[in-house]
Structure formats: C-alpha cells, structure tokens
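2 protein chains.
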Amino acid sequence: MSAVEQQLESIHQQIVNELPRDISVSAVTYEGPELVVYTRDPKKFAEKGDLVRKLASKLRKRITVRPDPDVLTRPNDAEAAIREVIPEEAGITDLDFHEDTGEVVIEAAKPGLVIGRHGSTLREITQRVGWTPEVVRTPPIESATVRNVRNYLKQEREERRAILERVGRQIHRRELSDEDWVRITTLGCCREVGRASFVLSTPETRILVDCGDKPGSEKEVPYLQVPEGLGGGANTIDAVVLTHAHLDHSAFVPLLFKYGYDGPIYTTEPSRDLMGLLTLDYLDVAAKEGRTPPYESEMVREAIKHTFPLQYGDVTDIAPDVKLTFHNAGHILGSSVAHFHIGDGLYNVAFSGDIHYEDTRLFNGAVNDFPRVETLVLESTYGGRNDYQTDQEDSERKLVQLINETHDRGGIVVIPAFAVGRSQEIMLVLEEAIRTGKIPEMPVHLDGMIWEATAIHTTYPEYLRDDLRNRIFHEDENPFLAEFFNHIDGGEEEREAVRDAGPSVILSTSGMITGGPIMSWLEHLGSEPNNTLIFVGYQAQGTLGRRIQSGWDEIPMTDNGRTKTLTLKLNVETVDGFSGHADRQGLENFVKTMNPRPEKVLCVHGDERSVQDLSSALYHKYKMRTFAPKNLETFRFR
Amino acid sequence: MSAVEQQLESIHQQIVNELPRDISVSAVTYEGPELVVYTRDPKKFAEKGDLVRKLASKLRKRITVRPDPDVLTRPNDAEAAIREVIPEEAGITDLDFHEDTGEVVIEAAKPGLVIGRHGSTLREITQRVGWTPEVVRTPPIESATVRNVRNYLKQEREERRAILERVGRQIHRRELSDEDWVRITTLGCCREVGRASFVLSTPETRILVDCGDKPGSEKEVPYLQVPEGLGGGANTIDAVVLTHAHLDHSAFVPLLFKYGYDGPIYTTEPSRDLMGLLTLDYLDVAAKEGRTPPYESEMVREAIKHTFPLQYGDVTDIAPDVKLTFHNAGHILGSSVAHFHIGDGLYNVAFSGDIHYEDTRLFNGAVNDFPRVETLVLESTYGGRNDYQTDQEDSERKLVQLINETHDRGGIVVIPAFAVGRSQEIMLVLEEAIRTGKIPEMPVHLDGMIWEATAIHTTYPEYLRDDLRNRIFHEDENPFLAEFFNHIDGGEEEREAVRDAGPSVILSTSGMITGGPIMSWLEHLGSEPNNTLIFVGYQAQGTLGRRIQSGWDEIPMTDNGRTKTLTLKLNVETVDGFSGHADRQGLENFVKTMNPRPEKVLCVHGDERSVQDLSSALYHKYKMRTFAPKNLETFRFR
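Protein chains in written order, with the working numbering: chain X, -5 to 632; chain B, -5 to 632.
It is worth saying that the hints were derived from the structure and are not from the lab. Beta carbons: idealized from backbone N, C-alpha and C, even for Gly. Hints are not guaranteed to be accurate.
Residues on chain X that point at chain B, a partial pick, calculated with CB under 10 Å [unchecked claim]:
(1) Trp175
(2) Thr179
(3) Gln219
(4) Asn625
(5) Leu626
Distance condition first, Cα-Cα at most 27 Å in a straight line; then the derived DSSO-like pairs of lysine-lysine [as the list claims (entries may be wrong)]:
(6) X:Lys148 with X:Lys55
(7) X:Lys586 with X:Lys615
(8) B:Lys624 with X:Lys594
(9) B:Lys617 with X:Lys617
(10) X:Lys594 with B:Lys617
(11) X:Lys432 with X:Lys392
(12) X:Lys48 with X:Lys317
(13) X:Lys37 with X:Lys48
(14) X:Lys624 with X:Lys213
(15) X:Lys594 with B:Lys594
(16) X:Lys148 with X:Lys299
(17) B:Lys282 with B:Lys208
(18) B:Lys615 with X:Lys617
(19) B:Lys594 with B:Lys615
(20) X:Lys586 with X:Lys624
(21) X:Lys317 with B:Lys624
(22) X:Lys617 with B:Lys594
(23) X:Lys624 with B:Lys624
(24) B:Lys317 with X:Lys624
(25) X:Lys52 with X:Lys38
(26) B:Lys55 with B:Lys317
(27) B:Lys594 with X:Lys624
(28) X:Lys617 with B:Lys624
(29) X:Lys624 with B:Lys617
(30) X:Lys317 with X:Lys299
(31) X:Lys615 with B:Lys617
Could you build the full structure based on these sequences and the hints that come with them?
Here's what the structure looks like:
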C-alpha cells in the first residue's frame, strides 16, 4: 500500500468516525487539491447542512461529497425534479448530467437563485435526486470562448478526471526531505518588462510562476532551458501558477505541454478563459506575420484541460508543503496576487503579478492584506522616480471633452485599445458619460477581440468591482449591455457604413497599432481632419502607435501586397491615467499599507531604471531589504 | 564532417603553411586541452628549438608534437642512445616507451639534468631517436601513492588516451549560444566551513569547482541533487576543477564518477596524488567507523584516470568559452587559486580556494596578481573581526622553548598534526632548529600518513617555496631527508621502544585526536608528567583534541573492545600561528594588494560571523560590492 493510500485509508476511518452512523462512506479519494467522499446516502448528507463544512475544518482539507452512481435518480426524472425546485427566474439555460461523478452542471442566468440562501436550494436538489449540483453562469453576452471552453471540458471530462486523480496523489504525497529552504529563481522579467517567469522551489516542490512572452521581442523568451528552469525536463516542475492572462505572463504556458509537462495549472476561471482567447490569437498573429508559432492550438486545449481554477481567497494545497491563495490584483479580469504559504508556518511569499492599487471602474484595488508574508515579489512597471500618472477623474474629463469636441464638428473618435481590461474600462467611462448626458448619445463601436473579451467579463461579474458587480447582480443594469454598444461583426462593409454614418466612438484593437482592425480604421478615418485618434494606453518603443503619437503623419500601409503611404490628417491626442498598472505612488502605497509589511522585496517587471529606483526608495523609506534581481539569479530565503 | 573536424582540418592547413616545407604533418588531433601534431620528421622539429613555441603562440593553443610511430628508433636502441645523451648525475631510475604516442617517460632523480638548458637535452634525444621525452622526478623519498598513481596511469594509458581525445573534442566544440552570461551557484561552504562546492556556468558550459565533505558532520554534503547542481545528471557538467586536495574540497570528487560523470578533472599533479591518498584514507576511516562509504576505491582510481594535471600559470582551454589558470595559493602542496577567463574578454572570476597570503617555510604566499579579475570568491575561515594569529616567528620560538624544556627534564614531546601541510611545516621548523643548534639533536618520529605525505612533497619540490626548492634542487640539502627524521613503520613495538628511548619529538596523526596512531601515543606517554603534548592546529568543536585542549584529563579509551579511562598527567600546550589559512589581516592584505582589485567579492568558507565581518569590512574599506552568500543561491555577473 502506498503512502498516499495509507493516508486515504486513515482519512476514510476518521470520516466514518465523525459522521452519524446512518451515513455511509463507500470510498475516499483525491481529485486535485480536493478530497472526494463517495456515499450511498447523499440525501442524508444534504440534510445536515454544515456536515461537509465541519469535516473540512476537522481534516483541514477541501471536501466534495459525491453520491455512489447506483443511488442516483435517473437523469430524465432528475431534470424534471430540478426544474421544479429552481425558481423560474433563475433562467436555466442548460442541464448536464455526469454519471461518472454524480454531478449535474446547471447553467443559469442567475446562479444565485440556483444556489439559494447559504446553498439551501442546492441541498434541496441533492435531497430530492441524489445528484451533486454544480452551478455556472449563463454568459449575459454569448462568449464563444466560454462556450468552447465549457464544451471542451465536458468532452474531455474523463481524461480530466484521470488528471485530477493523478495530481491529487502528487499533491498529497509524503514529504521526502528533512531539510527546509525556500528559493526563488528568476527566469524572466527582471530589469525588463515582459517574459514574466519564476521558479519557486523547496526541497520537495518546484513551482513555475507565469511564463510569458516579451512584446516586441519575439526572441527573448523566458530562460526555461537552464537546469533550474525546465532543463531537467518539463515534469521537474510540480505546478504552474498563472497570475493573469496577459501574454507577457501567459504566452508560453501552452508551450510547456509541448515540452511534455502534464501537471496542473492553477489560475482563476476568467484567467483560464482569457488565456485561451489570447494565446489562440497569439498563434493566429504569428501565423499571419509569417512566423512559425512556437506551439499548436492543440497545446492551448491541453493547457485548459490541465487548469484547476481557484477562487480568490481559497487556500489550496498544491504540494505537500505549499498552500496557494489567490487575491484580487485589480489589474485585469481574474488577475491575482499569488500568495504561497510554505511548510507548516515556515515561510510566506507573495507574487504581486501585475497590480493596480487603487480601485478603478472595473476592479477593486489590489489586496495587500495577508495572514503572513516575509517576501514580496513586486511588479515595478511604473516604479521610476517620475512615473506618476494623471488622476483618473482628470483623464476622464479630458476624454469626454475630446469626444464632445469631435462630435460637435461632426467627426468620429477612434481609440486603439487592448482587448482585455482597458477597453472595458473605457466602455464604463463612456456608458456613464452617455447615461448622465455628459456626451450626447451616439454609437460606440467595438472592433476586434474587444466584444469577445467583454463577453468574458460579463460571464464573471463576481471578479468585477463591488458596485459594478451589484449593478449586474441586483439591478439588471449591466452597463456592458447598453444599447449604444455595437459589435462590429460585418467586416469592411460595416466599417464603411460607420465611416459614413456621422459621429460615433470606435474602440479597436490592437492597442499599439501593430495590426488588426485599427489599421482599417486609420485608412477609413485618417484623412478627415474632423476625426480624432485618442491613445489611452502605453505605446511601446518601435510600435506604429508610438510613432504616430510622437508626430509621424506619413504612414506606410500594405494594400493587396502593394505598399502605399497614408497621410494622417485627423487629430492625434493622448489621454493617460487609464493604465492597469499602479503608478509609482500606487506601488509605494501598496507596500506602505501592506499588512503585514514584508521583510524583503524583489523589484521585478520594470526596466532597469524603474526597478533600481523603486528598490532604492522602498529600502530608504521603509527599511526593508530590497533587491533588483537580474534574470537567472536564485535567492534563498530560508 | 563535424564542426570539430572542420576546425582541425583548417588548423592542419595553417600548420603546414607555417612550417618549413621539409617538415611533414601527418595528422592533427586534440587530446584534452592540447593540440597534438603528428609528424614524420620529429628530428627536424627538434632541431628548430622554438618552432613549437611559435606555432603555439600563432594558434593560441597548447601544442604537443609527436612522431609518427613508424619513424621511431626501436626501444632497445633508443634506450641506449638516451642513456648516452643524459648525464650520469641525472640519476635515471626508469625508462618507459609508449609506442602509441611515441613518448618515452624518463624518471630521474634530477629532472633538470634530463631537460637541459632551455630543453636542449630533450631536443637532442628527439633528434637522435625520434621519441618525445617526458620527464618525471624520482621521488627522493619513495612514495607508495606516487608509485601507484604512475603505475595505474601507465596501465590505463589506452583508455586514458580515449578520454583525452573525447574531452579534447568537447573542449573545442563549436559554441552554440549567442547569449552572454556568467553565473556562480553555491552548493556548499557558504556561511559554514566545509563541503566546498560551486557551479560556474555560462550558456555553453557548467564547471563544478570543488566537491568536499564537512568535517564532523557526515550528513551535510554539497547540494549536488538540485537541478542547477547535478540534478539533471552528472554529465550536465563539463569539467571539475579542484583547488586543492583537502577533504573538505575533494572528498566527493570520486563520488561524481559513481553518479556517472566521465569528464575531466583539472587540478595540479600533487593535488591529484594527495586526493588519491586522502580519499582512500577517507574510505578506510569510514569503513573502520562502521559507516557505509559513499563510494568505492575504484571510483578514486576513476577520478585519477580522468585528471588532467595543470601547472601553475598554464593558461588552458577547458571549454569553448572558458580558460583556466591555476596560481599558487600557499595553503598546502599543489593548492591553487583558480582563475577563469570567460568568453573573449567577457568576464573573469577567481576562486581563492584556501589561501595563505604570507610566505610560510613550505610555500610562497598566495598569488594575487592577474591579467583581469572582476569577481573574487574568497575563503573567510579566519575572516572574523578578531581572527588574528600569532606571528610565526613567535610561534616557532615558543615551540622550540617547549621542546627544550621537555628535553631538559628527560621528557618526550608529542604533536598531533594533519598529515598534509602542517606536519611538513613543523618538520622544517624542527630541522632548522636542530641544524642550528637551537634544540639538541634528537630523533623526530613521524607516525601515520605523515611520512607518506612528506614523500609526496619531496616528489614535487617545484611546488614548494623558492628557497626550499633551491635547497632541494641545487644544494642537495633536502631538509626532509635529515637523518633524525624517523618513519614509524614498526607498529606498537617500535612505539614502545620510542617511549623508552629518552627525549624525542613525535609528530602523529590525526591532527584533532579523532583516531589514528596518536591514540597509542597518548596511552604510551599520557601518564608521564615530564612529557608534553603540543597542539599546533585548529581543534574543531566536538573533537577529543578540543576537549583535551580545554582541560579534560580523564580520557575514555577503547582497549580490545573494553572501555577504560586514561588519566592524562603530561603537560598540554597550544602553539598557534602555524595555520595554513590566512588570518583576517592576511585576507585583507590579499584583497588590498590584489592586482587588479576585483569589483565584487563573495565571502565564503567561513562561519556566519566570519563571512559577515569580512564582507562588511571589505565593503567599507575598499568600496567593493561584497556578498556573504547562502548555500543554494545563484549570482549572475553579466
């Protein structure tokens, strides 16, 4: 009997002892971080509301109870019963029975009504039909990504369960080492922005945190090939943790599966879906630009299949000696600060990922309150001594003013924007401005991946800012569903119609004018002096966006293979203050108010000057030990 | 054709172009770091004295010229001719012909006379017989170790040549990476004394520097198992560099071969022989103490077979992007500062190994003059703020006085001493004191491995201090051959005779009274108040030596399995100042006078307090960036 089996055997016995005698336990097994308890008495389990909670707290494990397959009501009968229990207003859009696990996935427009007060409706379902209900939200805007991911996971359910069991045994394996140490190895994003990648290691466990590309520099990839990276094979790491879905953190996560990795990815559910969206687009762009994509779309599916989604605040065992907890990072949908508790009280490390410290319209500000944390790995994108951004209120005022001016002279506003995060922030600004009459009602067109990214946002309102979430949950005032938002899905023909239809606002990718539909918009709108182009995001060195921003007005365009020159006559404006990153003040505030204050800070994810400035400032102001690591270094903390 | 073959082909052509037309080149190949040129005209080569030197400087490679086998004089005839050319006084003790390489190994008491002025005699030999002479010294004291090593290498000559060719191709392989970086990973001896081990790595090359044990703590071994150590397999390292033979630097070098390593070890010739002596003894001690030795004696032989001995000052290619040069470290016989030149002027790192900065009787002080060096990895054994040692002259005066006092009351002096280094230093003090009449002539007995270690010292006088070497070379005044030195080789019977024979001095292992013949001497001499026990070396925590030094006089002894108590009545004295390590002042002087002064210093090989003190002092006094690394960290320098 292996150590894991012995452990399960002993847990089985413990559970039997804890439960009332009339509740049977037919099997106990691990699925990923969770302990799954099979019973022939699911209904009795469901009757005693807090039995599972008590067990979980006693065993210090996350517990799922499943009925033995042969005590389940037949699906047809069960469906009828379920539809009877759940109120009509919940808006069930799908019911899916999985006989292997005894779970029924209920997709509904209002998951809260399916769950009921403190889960009462769910318990009632189990009491009546035996099945374990799992609730997912019907996306208010139909998202192809979410639909595809859910269908794919349904289809791969059996293999996924095998993965869950295998990983479960890995997580709960016996610790082998009697040594204690905690180390971080830097594989990227040190003294640079891009290719985020770290290894967090203990004598037992190696965890890869992020694995991104470097925008504008295809050749500079994370140093995976070194021995302390994946040099010894992709399966020398036990887990991948993804802080958020932006490509400079996620682009090479699917590549790991090409290298033979078959372990878990921990991230939030929206990050999983956005990673799917963005990496597939990444492959698309590479192919269109004639580059060989580093992996195939099949690898994106592998990544999705191996993802174990976690919610903010869930403390999850991901290795015998490591517990992971995600906290809201305020940067984009599903973005997380990843907190690692290592050993039994031995050490705590938090990776900030990318953060925004103050609340934005979309998200609450980043969480900086932890039970314990000795070392913080902190992004430093705007860590330079002069990296202060305009106040968002001022920025919004300026944006509104520019739109009004353009509208008044009959022109069209075009805003290049990143599909994920900044577009939705601007949508919220525009929605409020139109709703409150600060700008006249006019169409706001969304082109490129923006619509799809927005659809994913509306699927996961619980990841949005409190009051925004409440509007979506309780008041049926989902701002993303405002009528004046129009999804450009009619190609060039629709774009031409928009050009000729009078004042409007267009949000279009790519955010740095490096390709995508924004190129068409420039052609359609560039020569008309009444129109306005407004930059709302960072324009990197070497991008066409940066050139236009700094005054270029002769733009080379490719038309059916021929190169021609486009002369820009429209107004070009910049409104900053909409960044998804904390500025220098925000970074300092994040650290200053952090509870508890960490002993050590590694300043990463910023150019050389930014990390040095921030590291030096934090050292002098707060007397912490600070570092500005280089790539390929290893720091030991214990 | 492989890249190496193409390269050899082009070098072949270059050599043909450089040589006079009447000298043929039949083949060109690599053997380890050397380029071997085969010729059918060895005699003509030998006629033009500086042809090889010119070629070497032109090609920037170490070059060996070998005759084609079929142009060689037959061994019998050649031997007669060689004995005719070499003067009688050279004292030839062996001639050994290797037909595969065309080399003849000449063992002689006076190698200088075999070599002749600027190598003239060697050239004459080649001119007459075609063979390439290689000269080794007849050990003035017969050393079983040296004899065994030489016989073993002779016997394994063919496999060794295969190793040389394989490693030669590895060294001269084409560089694959277009990146530049230089890193040091700490696998041991950080914030502790013992288990020295580092990995020096570039994108091309990984070099293990030292691999030792931790005295008094068998379980604490270097962190070889981590991925950036040997986690990816023993052959993920390209070369092993051994700074010196003490076990805390060498004990686990043979273990690497058990792990499957089959690459080269670079060290000096005496370090190779001493490593053989000390690691075999290490296995012996482990077996006697009932521990399972970590490897078998066969692995020691493998290590010796894979050793490429280098001389001080030889600049040697050990990888496509790394040149290694050893410099005298002044610590023990053959001990080296290892200087690495990386890339073509990219970066330079020096590992001090263990050093003694001032001259001692045995050795010149450590070299600290380099073409370039940006980072120094510095031992810190005596780096603490109060780690100043007594001046050696005062120490010698005190030792002489104690011996005289003991002699005058008819007693015997017994000195526990480490076999390698300290024993020979004390022998030199005693030899001079007796020769100059400072102490009366009396026998000096050498027990344990001291005699054998001394024999190895006399085999390599070129590694000893200038004036000592000159005495041995030119004046036939080898102090180690003084008549009053007596090798205890008659066991207990002889020891009893010594006990009863009146005043004498005994040097015996082990140096910290942890076993060995010193235990017998304590029994024989311990109860006589006229005798004196003198400590001349560091006594580690937990050793019997440390206890006796601090006043214990009831000593538990094992006699035929029974434990009895020995009451010590003899005088116990300590004379410090004979350490093989630089003291705090010596370490500072080494850095202060270093040319050029390094930018960064890593303070290692000292306890926590010592490395912190030294690191802080060097930073404040000399404005260098200094570090006190932990084990398992990686520093990047470029």
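Here is how each hint holds up against the structure:
1. Proximity of Trp175 of chain X to chain B holds as hinted, the smallest CB-CB distance being about 6 Å (cut-off 10 Å).
2. Here the hint on Thr179 of chain X is kept, as its CB sits about 7 Å from the closest CB of chain B, short of 10 Å.
3. At a threshold of 10 Å, the smallest CB-CB gap from Gln219 of chain X to chain B is about 9 Å, leaving the interface hint in force.
4. Interface hint status for Asn625 of chain X: upheld, as the beta-carbon distance to the closest one in chain B is roughly 7 Å, under 10 Å.
5. For Leu626 of chain X, the suggested interface contact is upheld, since its CB lies about 5 Å from the closest CB of chain B, less than 10 Å.
6. Between Lys148 of chain X and Lys55 of chain X, the direct Cα distance comes to roughly 26 Å. Compliance with the 27 Å bound is thereby established for this hinted pair.
7. The hinted pair formed by Lys586 of chain X and Lys615 of chain X meets the criterion: a straight-line CA distance of about 9 Å does not exceed 27 Å.
8. As the CA atoms of Lys624 of chain B and Lys594 of chain X are separated by approximately 16 Å, the hinted pair is consistent with the 27 Å bound.
9. Between Lys617 of chain B and Lys617 of chain X, the direct Cα distance comes to roughly 22 Å. Compliance with the 27 Å bound is thereby established for this hinted pair.
10. With a C-alpha separation of about 24 Å, the suggested pairing of Lys594 of chain X with Lys617 of chain B holds against the 27 Å cut-off.
11. Our distance criterion of 27 Å between C-alpha atoms is met by Lys432 of chain X and Lys392 of chain X, whose separation comes to about 12 Å.
12. Between Lys48 of chain X and Lys317 of chain X, the direct Cα distance comes to roughly 20 Å. Compliance with the 27 Å bound is thereby established for this hinted pair.
13. This hinted pair checks out: Lys37 of chain X and Lys48 of chain X have alpha carbons roughly 17 Å apart, not beyond 27 Å.
14. For the hint pairing Lys624 of chain X with Lys213 of chain X, the CA-to-CA distance comes to about 18 Å; that is within 27 Å, so the pair holds.
15. Our distance criterion of 27 Å between C-alpha atoms is met by Lys594 of chain X and Lys594 of chain B, whose separation comes to about 22 Å.
16. For the suggested pair Lys148 of chain X and Lys299 of chain X, the alpha carbons sit about 10 Å apart, so the restraint of at most 27 Å is met.
17. At most 27 Å may separate the alpha-carbon atoms for a hinted pair to count; Lys282 of chain B and Lys208 of chain B meet this at roughly 18 Å.
18. At roughly 24 Å between alpha-carbon atoms, Lys615 of chain B and Lys617 of chain X fall within 27 Å of each other, so this suggested pair holds.
19. Taking the CA atoms of Lys594 of chain B and Lys615 of chain B, the gap is about 13 Å. The hint holds against a cut of 27 Å.
20. Of the pairs offered as hints, the one joining Lys586 of chain X and Lys624 of chain X holds, with about 25 Å between alpha carbons and a cut-off of 27 Å not exceeded.
21. Annotation: proposed proximity of Lys317 of chain X to Lys624 of chain B holds, straight-line Cα distance about 25 Å (limit 27 Å).
22. Proximity of Lys617 of chain X to Lys594 of chain B is assessed by CA-CA distance (about 24 Å); at most 27 Å being required, the pair is judged to hold.
23. About 17 Å separates the Cα atoms of Lys624 of chain X and Lys624 of chain B, which keeps this hinted pair within 27 Å; it holds.
24. Under the criterion of a C-alpha separation no larger than 27 Å, the hint pairing Lys317 of chain B with Lys624 of chain X is consistent with the structure, at around 25 Å.
25. Between Lys52 of chain X and Lys38 of chain X the CA atoms are separated by roughly 20 Å; this keeps the pair inside 27 Å, and the hint holds.
26. A threshold of 27 Å between alpha carbons decides the hint, and for Lys55 of chain B with Lys317 of chain B the separation of about 11 Å falls inside it, so the pair holds.
27. Annotation: proposed proximity of Lys594 of chain B to Lys624 of chain X holds, straight-line Cα distance about 16 Å (limit 27 Å).
28. With a C-alpha separation of about 22 Å, the suggested pairing of Lys617 of chain X with Lys624 of chain B holds against the 27 Å cut-off.
29. Our distance criterion of 27 Å between C-alpha atoms is met by Lys624 of chain X and Lys617 of chain B, whose separation comes to about 22 Å.
30. At roughly 22 Å between alpha-carbon atoms, Lys317 of chain X and Lys299 of chain X fall within 27 Å of each other, so this suggested pair holds.
31. With a CA separation close to 24 Å, the supplied pair Lys615 of chain X and Lys617 of chain B stays within the 27 Å bound.
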